[in-house]
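A.B. asks: Residue numbers (the numbering used here), protein chains in the order written: chain A, 8 to 171; chain B, 1044 to 1607.
Hints should not be assumed to be uniformly reliable.
Going by beta-carbon spacing under 10 Å, a handful of chain B positions derived as facing chain A [unchecked claim]:
#, residue
1, 1179
2, 1359
3, 1511
4, 1525
5, 1564
I should point out that these hints are in silico values taken from the structure, not numbers from a laboratory. Positions of the beta carbon are idealized from the N, C-alpha and C atoms, including for glycine.
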Amino acid sequence: MDSHALDAIIARYDVPDGRLLGILSEVQEQEGYIPHDVLVMLSEKLGVRLSRLYSLVTFYSFFSLQPVGEHMITVCMGTACHVKGAEMVLSALGKHLGIETGMAQDGKFAVTTEDNKFTVTIARCFGACSMAPVLSVDGNLYGYATPENLPAILAEFGWREHES
Amino acid sequence: MRVEAEADLKALQATGLKKLKPDKPRIAVGLATCGAAVGGRKVYDRLREAIAREGAEIDLVQTGCIGYCREEPLVNITLPGKSLVILRKVTEADADAIVRAVLNGKVPEDKALCRVPAWDHVTGFVMEYGKGFDAIPLYQDVPFFAPQRKVILRNAGFIDPEDIGEYFAVGGYAAAWKALHGMEPEAIIAEVEKSGLRGRGGAGFPTGLKWRITRDAPGGAEKYLVCNADEGDPGAYMNRNEMESDPHMLIEGMIIGAFAMGLRHGLIYIRSEYPLAIERLGRAIGQAREYGILGENIMGTGLSFDIRIARGAGAFVCGESTALVASIEGRTGRPHPRPPRLTDPEGGLFGKPTDLNNVETWCNVPAIVANGSGWYAGIGAKGNTGTKVFSLVGKVDRVGLVEVSLGTPIRTIVFDAGNGGANGKKVKAVQTGGPSGGCIPLRLFDMPVDYESLNKAGSIMGSGGIVVMDEDTDMVDIARYFTGFATGESCGKCVPCREGLKHTLLLINRIQAGKASKKDLATLQEVCETIAATSLCGLGQTAPNPVLTTLAYFREEYEAKVRP
Chain A
8 MDSHALDAII
18 ARYDVPDGRL
28 LGILSEVQEQ
38 EGYIPHDVLV
48 MLSEKLGVRL
58 SRLYSLVTFY
68 SFFSLQPVGE
78 HMITVCMGTA
88 CHVKGAEMVL
98 SALGKHLGIE
108 TGMAQDGKFA
118 VTTEDNKFTV
128 TIARCFGACS
138 MAPVLSVDGN
148 LYGYATPENL
158 PAILAEFGWR
168 EHES
Chain B
1044 MRVEAEADLK
1054 ALQATGLKKL
1064 KPDKPRIAVG
1074 LATCGAAVGG
1084 RKVYDRLREA
1094 IAREGAEIDL
1104 VQTGCIGYCR
1114 EEPLVNITLP
1124 GKSLVILRKV
1134 TEADADAIVR
1144 AVLNGKVPED
1154 KALCRVPAWD
1164 HVTGFVMEYG
1174 KGFDAIPLYQ
1184 DVPFFAPQRK
1194 VILRNAGFID
1204 PEDIGEYFAV
1214 GGYAAAWKAL
1224 HGMEPEAIIA
1234 EVEKSGLRGR
1244 GGAGFPTGLK
1254 WRITRDAPGG
1264 AEKYLVCNAD
1274 EGDPGAYMNR
1284 NEMESDPHML
1294 IEGMIIGAFA
1304 MGLRHGLIYI
1314 RSEYPLAIER
1324 LGRAIGQARE
1334 YGILGENIMG
1344 TGLSFDIRIA
1354 RGAGAFVCGE
1364 STALVASIEG
1374 RTGRPHPRPP
1384 RLTDPEGGLF
1394 GKPTDLNNVE
1404 TWCNVPAIVA
1414 NGSGWYAGIG
1424 AKGNTGTKVF
1434 SLVGKVDRVG
1444 LVEVSLGTPI
1454 RTIVFDAGNG
1464 GANGKKVKAV
1474 QTGGPSGGCI
1484 PLRLFDMPVD
1494 YESLNKAGSI
1504 MGSGGIVVMD
1514 EDTDMVDIAR
1524 YFTGFATGES
1534 CGKCVPCREG
1544 LKHTLLLINR
1554 IQAGKASKKD
1564 LATLQEVCET
1574 IAATSLCGLG
1584 QTAPNPVLTT
1594 LAYFREEYEA
1604 KVRP
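Required output: the full structure, derived from the provided sequences and hints.
C.D. replies: Okay, structure coming up:
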């Protein structure tokens, strides 16, 4: 993201309420993460200390300092999903993609596959509990997820069984 | 056009009614987040293609969700002069048959869930759809709907949430007109007080009293009015549906509150996990400004009030009032001790007194103003008036949003509306109130759902999530799940919450691994009681509830896992 693009985002926030988180959210959405140089630029443009921006980015789970993969898979770990087997879905997902999902208790959990195709994160709750367990790929919700129907979902995004 | 006279509203209502009840068939697809995700979006597209192919004179629109999630995607069909018919579990493959049936003046009856001859939109307008389709069950005879009373979800699933015209059609903004042009601010506050409305975010603080305190606080109009839409409890999604299905109802409630408290600045703090709700609210606010209902000189009164949206960024603790304010100000969401409360001088947003109410609290306000406090106080139980929307999820047969009068027994919600366990399993417990709530065992299901009864049982109302557990659910695992959640979401500021929860989790993990002794159960109890007694904010004070209630009601499950 260049200085010009960042200015365009900042210009949309002319009032103090919701401003910092709003700007950071737009950066996160456009870039898929918050690049360090953008954070430095933002600090200079707004006259807000870099340490303060850093504290926001590390406190809120919506932000990531690491680049993410091509596709973002978010597994809902809400209560309804939990009682209907979300942990089994997550661990099956880890197996298919060859990543470690054991640490997924943390709200800031995020792991990217070696080929940079997928990043797996968790959500506290999408509020789509009626179709639990739920996961989202690039913002699209998939309900009634099971370890069995995962391969079909992943295949939509270019994943092939033999690759794992 | 701007709404500046009562006749303007009436004219807009008449125009809106032509959309809602046109003189040609209308097909409406339920497209809230869930409906769209389970195929509603594809159904909509196929219907559009089929209508175009036939060159049919049929209106195709989207609506929000009536709450019967299990039966989604839901499609409403309105034929002129006939009862509205709700179709269930509609798939893409049904689109052609639906359009053909409609063109022949029929509906595919094998897909019908129920019919609605007339619908009370509660704020003063009853829609008469008409007769016909007698073989299809009536809405009120459908077991899922039978125990329900719709006050908050009065329009959800019937109107297009992206069209202010349809909100005008069902009497929308008439309550705001009545309040702004026909009532004194003091009288509005008195009405809300007399209605008995209590905070629907879960704590149950009297809404009218909070409004009065804010109105009386110094600061003139430079105070803030904030809607808490940070619905963070996992398992709760009623606020999402309220905003996605009927965003103008929330805006109207906030306008009435702003006038009563004499405020100009409104904010909706909404979690970023709800993109569709953010989009629809943004659109609704824009439409309200176009009609002069928000902004300067609202409804020709000379008053100004506007609403902005502030997005959260994924932190459960930001539902707590002081953390929420910090988050809007662009700080990390760490609570501070109260007092000062938000309503205190220098206690709120940017140091101004601030009124904070939950989405659903605001949604009740137009209904109270329209029908009077006496009407509202007649719903529910003494001290617990009105209705509450619950999200009935987990291992229950009929999953969905259930709106019932407060004081309705848990049994009615889980067994009458929900039809008990899914797949014929036996229900063991419900969990209410999210990570701050507790697990209530089956033997207590005759308990009325109200703020005090739930507290007494060790749980809380919370925002209204009811997660059903069945015979296969491991209650110690549930305690571990919520403790893990709270540990991850603890802001880290105070020691009891940050360290205590971590040790609670370690203890439960030891129990689950079969490495704990009976003495550890006593330690677990003691640690939890200490966290509850000494934590700084509501998150820590209530986070032990899932452990404490499972220890109290399902002790045998713990004991089976520990050495003597």
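A.B. asks: Evaluate each hint against the coordinates.
C.D. replies: Hints, one by one, checked against the model:
Evaluation of the residue 1179 (chain B) hint against chain A yields a violated restraint, the C-beta minimum of about 23 Å exceeding 10 Å. Checking residue 1359 (chain B) against chain A by beta carbon gives a least distance of about 6 Å; that is within 10 Å, so the hint holds. For residue 1511 (chain B), the suggested interface contact is upheld, since its CB lies about 8 Å from the closest CB of chain A, less than 10 Å. Taking 10 Å as the C-beta cut-off, the interface hint given for residue 1525 (chain B) holds, the closest approach to chain A being about 8 Å.
Evaluation of the residue 1564 (chain B) hint against chain A yields a violated restraint, the C-beta minimum of about 22 Å exceeding 10 Å.
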